[in-house]
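Q: Could you put together the complete structure from these sequences and hints?
2 protein chains.
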Amino acid sequence: MPTFNAPVRDLQFVLHDLLKVSEQDIPGFADLDRDFTAAVLDESAKVARDVLAPLNLSGDQEGCRLENGVVRTPKGFKAAFETMKEGGWTAVDCDPEFGGQGLPYVMHTAAQESFVAANMAFNMYQGLTHGAYSAIRFHGTDAQKATYLPKLVTCEWTGTMNLTEPHCGTDLGLMRTRAEPQADGSYQITGQKIFISAGDHDLAENIIHLVLARVTGAPEGIKGISLFIVPKFDIKPDGSLGDRNGVSVGKIEEKMGIHGNATCVLNYDGAKGYLLGELHKGMRAMFTMMNEARLGVGLQGYAQAEAAYQNARAYAQERLQGRDVTGAKFPDQPADPLIVHPDIRRNLMDQKSFIEGARALTFWGAYLIDRAHKCDDTAADGLISLLIPVIKGFQTDKGFEMTVAAQQVYGGHGYIEEQGMSQFARDARIAMIYEGANGVQALDLVGRKLAQDGGKHVMAFFDMVKGLIKDNEGDEALRRDFLDPLKAASKDMQAAAMYFMQHGVKNPNNALAGSYDFMHLAGHVCMGLMWSRMAIAASEALENGAGDKDFYETKLATGRYYMARHLPATALHLARIQTGADTVMALAAENF
Amino acid sequence: MPTFNAPVRDLQFVLHDLLKVSEQDIPGFADLDRDFTAAVLDESAKVARDVLAPLNLSGDQEGCRLENGVVRTPKGFKAAFETMKEGGWTAVDCDPEFGGQGLPYVMHTAAQESFVAANMAFNMYQGLTHGAYSAIRFHGTDAQKATYLPKLVTCEWTGTMNLTEPHCGTDLGLMRTRAEPQADGSYQITGQKIFISAGDHDLAENIIHLVLARVTGAPEGIKGISLFIVPKFDIKPDGSLGDRNGVSVGKIEEKMGIHGNATCVLNYDGAKGYLLGELHKGMRAMFTMMNEARLGVGLQGYAQAEAAYQNARAYAQERLQGRDVTGAKFPDQPADPLIVHPDIRRNLMDQKSFIEGARALTFWGAYLIDRAHKCDDTAADGLISLLIPVIKGFQTDKGFEMTVAAQQVYGGHGYIEEQGMSQFARDARIAMIYEGANGVQALDLVGRKLAQDGGKHVMAFFDMVKGLIKDNEGDEALRRDFLDPLKAASKDMQAAAMYFMQHGVKNPNNALAGSYDFMHLAGHVCMGLMWSRMAIAASEALENGAGDKDFYETKLATGRYYMARHLPATALHLARIQTGADTVMALAAENF
Numbered sequence: 001m002p003t004f005n006a007p008v009r010d011l012q013f014v015l016h017d018l019l020k021v022s023e024q025d026i027p028g029f030a031d032l033d034r035d036f037t038a039a040v041l042d043e044s045a046k047v048a049r050d051v052l053a054p055l056n057l058s059g060d061q062e063g064c065r066l067e068n069g070v071v072r073t074p075k076g077f078k079a080a081f082e083t084m085k086e087g088g089w090t091a092v093d094c095d096p097e098f099g100g101q102g103l104p105y106v107m108h109t110a111a112q113e114s115f116v117a118a119n120m121a122f123n124m125y126q127g128l129t130h131g132a133y134s135a136i137r138f139h140g141t142d143a144q145k146a147t148y149l150p151k152l153v154t155c156e157w158t159g160t161m162n163l164t165e166p167h168c169g170t171d172l173g174l175m176r177t178r179a180e181p182q183a184d185g186s187y188q189i190t191g192q193k194i195f196i197s198a199g200d201h202d203l204a205e206n207i208i209h210l211v212l213a214r215v216t217g218a219p220e221g222i223k224g225i226s227l228f229i230v231p232k233f234d235i236k237p238d239g240s241l242g243d244r245n246g247v248s249v250g251k252i253e254e255k256m257g258i259h260g261n262a263t264c265v266l267n268y269d270g271a272k273g274y275l276l277g278e279l280h281k282g283m284r285a286m287f288t289m290m291n292e293a294r295l296g297v298g299l300q301g302y303a304q305a306e307a308a309y310q311n312a313r314a315y316a317q318e319r320l321q322g323r324d325v326t327g328a329k330f331p332d333q334p335a336d337p338l339i340v341h342p343d344i345r346r347n348l349m350d351q352k353s354f355i356e357g358a359r360a361l362t363f364w365g366a367y368l369i370d371r372a373h374k375c376d377d378t379a380a381d382g383l384i385s386l387l388i389p390v391i392k393g394f395q396t397d398k399g400f401e402m403t404v405a406a407q408q409v410y411g412g413h414g415y416i417e418e419q420g421m422s423q424f425a426r427d428a429r430i431a432m433i434y435e436g437a438n439g440v441q442a443l444d445l446v447g448r449k450l451a452q453d454g455g456k457h458v459m460a461f462f463d464m465v466k467g468l469i470k471d472n473e474g475d476e477a478l479r480r481d482f483l484d485p486l487k488a489a490s491k492d493m494q495a496a497a498m499y500f501m502q503h504g505v506k507n508p509n510n511a512l513a514g515s516y517d518f519m520h521l522a523g524h525v526c527m528g529l530m531w532s533r534m535a536i537a538a539s540e541a542l543e544n545g546a547g548d549k550d551f552y553e554t555k556l557a558t559g560r561y562y563m564a565r566h567l568p569a570t571a572l573h574l575a576r577i578q579t580g581a582d583t584v585m586a587l588a589a590e591n592f
Numbered sequence: 001m002p003t004f005n006a007p008v009r010d011l012q013f014v015l016h017d018l019l020k021v022s023e024q025d026i027p028g029f030a031d032l033d034r035d036f037t038a039a040v041l042d043e044s045a046k047v048a049r050d051v052l053a054p055l056n057l058s059g060d061q062e063g064c065r066l067e068n069g070v071v072r073t074p075k076g077f078k079a080a081f082e083t084m085k086e087g088g089w090t091a092v093d094c095d096p097e098f099g100g101q102g103l104p105y106v107m108h109t110a111a112q113e114s115f116v117a118a119n120m121a122f123n124m125y126q127g128l129t130h131g132a133y134s135a136i137r138f139h140g141t142d143a144q145k146a147t148y149l150p151k152l153v154t155c156e157w158t159g160t161m162n163l164t165e166p167h168c169g170t171d172l173g174l175m176r177t178r179a180e181p182q183a184d185g186s187y188q189i190t191g192q193k194i195f196i197s198a199g200d201h202d203l204a205e206n207i208i209h210l211v212l213a214r215v216t217g218a219p220e221g222i223k224g225i226s227l228f229i230v231p232k233f234d235i236k237p238d239g240s241l242g243d244r245n246g247v248s249v250g251k252i253e254e255k256m257g258i259h260g261n262a263t264c265v266l267n268y269d270g271a272k273g274y275l276l277g278e279l280h281k282g283m284r285a286m287f288t289m290m291n292e293a294r295l296g297v298g299l300q301g302y303a304q305a306e307a308a309y310q311n312a313r314a315y316a317q318e319r320l321q322g323r324d325v326t327g328a329k330f331p332d333q334p335a336d337p338l339i340v341h342p343d344i345r346r347n348l349m350d351q352k353s354f355i356e357g358a359r360a361l362t363f364w365g366a367y368l369i370d371r372a373h374k375c376d377d378t379a380a381d382g383l384i385s386l387l388i389p390v391i392k393g394f395q396t397d398k399g400f401e402m403t404v405a406a407q408q409v410y411g412g413h414g415y416i417e418e419q420g421m422s423q424f425a426r427d428a429r430i431a432m433i434y435e436g437a438n439g440v441q442a443l444d445l446v447g448r449k450l451a452q453d454g455g456k457h458v459m460a461f462f463d464m465v466k467g468l469i470k471d472n473e474g475d476e477a478l479r480r481d482f483l484d485p486l487k488a489a490s491k492d493m494q495a496a497a498m499y500f501m502q503h504g505v506k507n508p509n510n511a512l513a514g515s516y517d518f519m520h521l522a523g524h525v526c527m528g529l530m531w532s533r534m535a536i537a538a539s540e541a542l543e544n545g546a547g548d549k550d551f552y553e554t555k556l557a558t559g560r561y562y563m564a565r566h567l568p569a570t571a572l573h574l575a576r577i578q579t580g581a582d583t584v585m586a587l588a589a590e591n592f
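Respectively, the protein sequence lines represent chains X and S.
In terms of the numbering used here, the first sequence opens at residue 1 and continues consecutively.
In terms of the numbering used here, the second sequence opens at residue 1 and continues consecutively.
Be careful, since some hints might not be right.
Remember, identical chains collapse to one label, so a pair may be satisfied in a single copy or spanning two.
What the hints assert, rightly or not - Below, simulated BS3-like cross-link-like pairs (lysine-lysine); rule was C-alpha separation at most 30 Å, straight line:
#1 Lys549 with Lys487
#2 Lys281 with Lys329
#3 Lys145 with Lys75
#4 Lys487 with Lys145
#5 Lys251 with Lys75
#6 Lys506 with Lys329
#7 Lys549 with Lys85
#8 Lys223 with Lys329
#9 Lys236 with Lys85
#10 Lys75 with Lys46
#11 Lys491 with Lys78
#12 Lys251 with Lys46
#13 Lys374 with Lys78
#14 Lys487 with Lys281
None of these hints come from the bench; they were simulated from the model.
Please read these numbers as outputs of a predicted model, since none were measured by experiment.
A: Shown next as structure tokens:
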């Protein structure tokens with residue numbers, strides 16, 4: 001059975017060597033000293049290792065069951081959920097006013113990584129709840145906040161997001177679910193929602209569904225959509241649970257993965273709902289949570305890769321097969337371990353260098369969200385808006401690819417379910433799809449974010465890269481191994497943006513045909529930026545005579561691998577982008 | 001439920017426009033005129049569409065069961081297997097002396113594509129049998145041939161290949177299964193074999209296991225391994241079935257995919273076996289079948305992509321979601337179909353252009369095998385040896401990637417098992433692993449095939465590319481869209497080979513660290529070569545006033561897409577190769 005051990009040393013490196021969190025002038029950050037974060041992360045690591053990881057494979061194999069209209073989660077999930085609640089892990093960054101611990105979002109993110117890596121399907125129950133918490137906190141009335149937030153913070157109640165309907169996913173303007181105003185100010189919600197993660201289960205006494213619907217007589221399209229709170233059990237004025245609401249589980253979907261999480265069809269049959277936020281502005285309310293939600297999915301991408309990598313690494317170190325071509329490494333054993341073989345190393349280095357780069361990018365993203373929210377920093381807000389589709393799209397594509405690569409290390413054993421490597425790939429696959437399919441992320445990036453605020457944020461990004469290079473190119477080794485490749489990659493990204501400007505106005509398809517490549521191009525540049533910053537941090541630590549020399553030298557070597565082997569991909573993406581729409585759009589639809 | 005319709009027009013294009021099979025001076029090829037192959041392929045298409053495809057999803061969902069020591073295949077498999085037998089589809093290229101139809105291997109390959117695409121798991125029962133047929137035909141005594149071949153040709157009996165043991169897959173020198181010589185000339189086989197596809201089932205009255213084992217006292221390593229015939233039921237002198245042999249099913253593996261095929265642990269407990277071929281030369285006997293077996297797996301790669309593509313295409317044409325950014329295409333409908341969106345097109349074009357290129361490469365490979373076997377053409381034999389790891393490794397990697405891409409077109413629906421898109425990806429995944437994991441293919445290519453016969457075959461390949469360019473560059477459009485990109489890609493491949501020569505002698509890791517990239521680099525060049533040849537063929541057809549102008553113009557447009565968007569990847573692979581082993585091998589094993 002696969003195991004998982006949170007890479008706490010690496011998490012600490014990103015928080016302290018890279019982001020220097022405790023030195024940042026952001027409310028709450030001063031508390032994040034090395035000892036404090038180590039204590040938190042050591043604890044979350046234990047829960048991940050001892051409580052969540054052991055339920056990952058069994059949760060996958062058992063799955064969720066619908067029994068008499070109620071969803072039963074896999075064996076052990078209920079007790080594990082209690083452990084999470086007792087440890088306060090559901091409340092890390094929540095508002096103390098409602099029972100949260102009020103820690104920065106970056107700290108929440110660092111703790112989440114271990115939970116997600118250990119058991120993605122399980123962790124979604126609390127992940128969705130966190131989303132519902134945010135929506136009500138930002139858009140709820142005081143009364144709504146008082147009613148729902150304390151329970152959502154503790155996960156006594158959990159939350160869901162209801163957007164998709166059978167005929168509409170990305171294009172929510174086609175939505176048919178209706179909300180009929182009632183005399184008491186509430187609404188009757190009627191319609192069918194699908195793909196509702198954590199849509200029902202036996203982990204909490206109530207479930208707070210957030211449902212997008214169209215109020216009778218509202219404008220057509222997305223401008224007529226409102227957001228509603230629809231509790232599974234209505235809440236009485238004294239806060240106790242009242243009647244079962246008119247929402248029922250149609251079925252649980254049989255999926256490729258995340259079997260431990262119940263993906264439900266929910267039927268709303270005149271269910272009682274309460275408007276959340278402004279009438280007809282449901283989409284805007286949903287969008288305010290989007291950065292965090294999408295960053296969370298980007299985290300799932302590399303976190304699954306991390307879990308898969310740890311097991312592939314162990315297998316490569318233990319499994320004896322073949323001989324080192326430069327001479328037997330263990331002549332007294334019948335064969336050498338897999339890890340002597342260059343192509344196994346290439347594969348493991350691909351995984352390791354991606355994961356560590358993605359972690360840095362994700363934590364940096366979380367830090368930018370903190371800065372934007374806690375300091376009203378519009379530059380940070382603009383930058384994270386730009387980066388979000390990259391973090392979500394690039395990291396989930398590559399994360400999935402890396403779980404497949406890890407599975408490959410196991411050879412035939414990787415294809416057998418009891419080894420657990422298949423599950424990592426099957427689970428990671430969903431992250432490319434939900435919370436906006438990756439093609440939609442690419443469209444958001446190129447069609448919307450690039451030009452946002454007159455292109456200010458992408459220019460700021462390029463300036464940041466330029467500044468970093470300029471400030472550090474005096475170091476010859478750093479320049480050669482990191483900054484020169486970063487400069488070349490950044491130039492490719494600028495050339496691609498320029499191409500879109502010059503050719504996209506004439507024909508927007510020239511930009512959109514290159515959007516997916518641009519998302520990956522930008523992903524590479526972001527990774528190159530993070531690896532350059534990590535290399536600078538590691539070099540500084542070594543110069544300052546840091547104790548764990550091996551750790552920092554490994555960090556540098558891993559970064560050099562990424563820069564040498566992966567960053568050149570930007571040229572390919574640029575070449576593809578510059579071919580424009582002609583070959584992409586050449587065929588008539590019926591000639592496919 | 002997904003459907004499958006064999007692309008007979010495309011199959012015919014490759015056989016006739018590209019390979020011009022009926023004009024080739026190879027025994028049996030003259031019969032392959034357009035009408036004949038169309039008749040065969042129309043029939044195989046019907047079986048694939050009406051008999052095999054409808055059992056694909058149900059076979060995946062039901063899987064195989066072990067009941068009282070016997071494997072039960074999914075509902076409908078037995079009847080479908082009878083249909084295959086009755087139609088003579090198990091015997092297409094088999095020797096008429098043993099009841100086969102004696103058609104060329106390329107014809108067998110063309111028919112197989114439809115069966116594999118329609119139901120990969122099902123088709124493996126006959127695929128493995130074909131392998132056993134080949135082994136006995138090339139290495140069996142006359143008596144063995146007479147006993148086994150007629151039954152294997154008709155699939156009254158099926159076959160298996162037994163190589164892997166729990167502790168050894170790639171490194172078969174570690175094998176522990178023992179063969180003890182008996183007084184009657186037979187052997188007692190004892191040991192455990194795992195991952196035995198079609199290892200047991202209820203489709204045939206007998207199963208002929210081909211088993212690698214070490215005769216007591218044989219040399220250590222792979223030089224002491226022999227190949228044995230171990231029938232499930234012994235065969236009496238009159239040909240009727242005798243006693244149950246000492247081989248039993250330990251269990252059926254729970255796998256990521258190909259659930260319709262029973263992957264068995266087989267326990268040999270003093271089972272009666274008969275030496276096949278020479279003592280201690282079992283590996284050589286296995287290797288003679290390897291080209292065909294690996295080409296067959298390379299075919300699985302793109303055939304699964306073809307099946308997935310057909311469904312993704314239909315979904316993109318039907319599913320209404322969003323609007324064409326250049327203006328609504330169907331203003332009277334609530335939204336435009338997905339296929340108007342440039343990124344959906346990009347995705348579909350990726351799939352289409354890969355599949356058609358891979359088909360051409362595979363059929364050309366089958367043609368080279370025919371030429372090698374039927375004309376004793378050593379140049380063809382050398383060339384196909386070189387190409388086999390590319391066909392297997394590149395096509396299964398990309399084939400899997402394209403099934404994932406097709407799944408992505410479905411959005412969330414692609415993750416739901418009842419839609420069938422997940423199955424294509426899960427089934428395609430195994431092709432990257434079995435019959436030599438793709439890392440081993442890359443090693444075979446760079447460590448063995450490149451330098452084979454003094455590098456003669458790769459030089460011949462480069463000369464062939466050069467010749468094609470020279471002969472056709474007078475056509476300006478052809479030169480610009482196809483031959484120039486091919487020339488650049490081929491130069492990258494030559495530069496990579498040169499790098500290996502210059503740096504691999506000093507340190508073989510410099511070559512092996514780039515082996516995986518070289519396999520993909522070579523794959524792109526092969527695809528570029530095939531697309532160039534297809535473009536020439538399509539241009540000729542258009543010049544000759546061919547009837548289906550649309551078909552040939554679509555072919556050209558698809559090729560232009562591949563050349564413009566995919567061929568530039570060769571530069572990236574070269575750049576990675578030229579970084580050598582340094583960054584790949586930098587870490588100590590314990591620092592991963």
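Q: At most 30 Å between CA atoms: does that hold for Lys506 and Lys329 within a copy, between copies, both, or neither?
A: Cα proximity of Lys506 and Lys329: across copies only (19 Å, versus 61 Å in one copy).
Q: At most 30 Å between C-alpha atoms: does Lys549 with Lys487 qualify within a copy, between copies, both, or neither?
A: For Lys549 and Lys487, only the intra-copy Cα distance (28 Å) is at most 30 Å; the inter-copy one is 48 Å.
Q: Under a CA distance limit of 30 Å, which applies to Lys236 and Lys85: within one copy, between copies, both, or neither?
A: Within one copy only: 24 Å inside a chain, 69 Å across chains, cut-off 30 Å.
Q: 30 Å Cα cut-off: does Lys251 pair with Lys75 within a copy, between copies, both or neither?
A: both (20 Å within a copy, 25 Å between copies)
Q: Is it within a copy, between copies, both, or neither that the alpha carbon of Lys374 lies no farther than 30 Å from that of Lys78?
A: Close neither inside one copy (35 Å) nor across copies (67 Å); limit 30 Å.
Q: Tell me, please, which holds for Lys491 and Lys78 at an alpha-carbon limit of 30 Å: within, between, both or neither?
A: Neither way: Lys491 and Lys78 sit 51 Å apart in one copy and 60 Å across, limit 30 Å.
Q: With identical chains treated as interchangeable, where does the CA-CA distance between Lys487 and Lys145 reach 30 Å or less: within a copy, between copies, both, or neither?
A: neither (48 Å within a copy, 66 Å between copies)
Q: If the cutoff is 30 Å on CA atoms, where do Lys549 and Lys85 land: within, between, both or neither? Let me know, please.
A: For Lys549 and Lys85, the Cα distance exceeds 30 Å both inside one copy (38 Å) and across copies (67 Å).
Q: Treating 30 Å as the Cα threshold, decide for Lys145 and Lys75: within, between, both or neither.
A: neither (33 Å within a copy, 55 Å between copies)
Q: Could you figure out if Lys281 and Lys329 sit no more than 30 Å apart (CA to CA) within one copy, between two copies, both or neither?
A: between (65 Å within a copy, 28 Å between copies)
Q: Checking an output row: Lys251 and Lys46, CA cutoff 30 Å. Within, between, both or neither?
A: neither (35 Å within a copy, 35 Å between copies)
Q: How would you label the pair Lys75, Lys46 (within, between, both, or neither) given a Cα cut-off of 30 Å?
A: Cα proximity of Lys75 and Lys46: one copy only (20 Å, versus 46 Å across).
Hint check: violations occur at hints 3, 4, 7, 11, 12, 13, 14; the rest are consistent with the structure.
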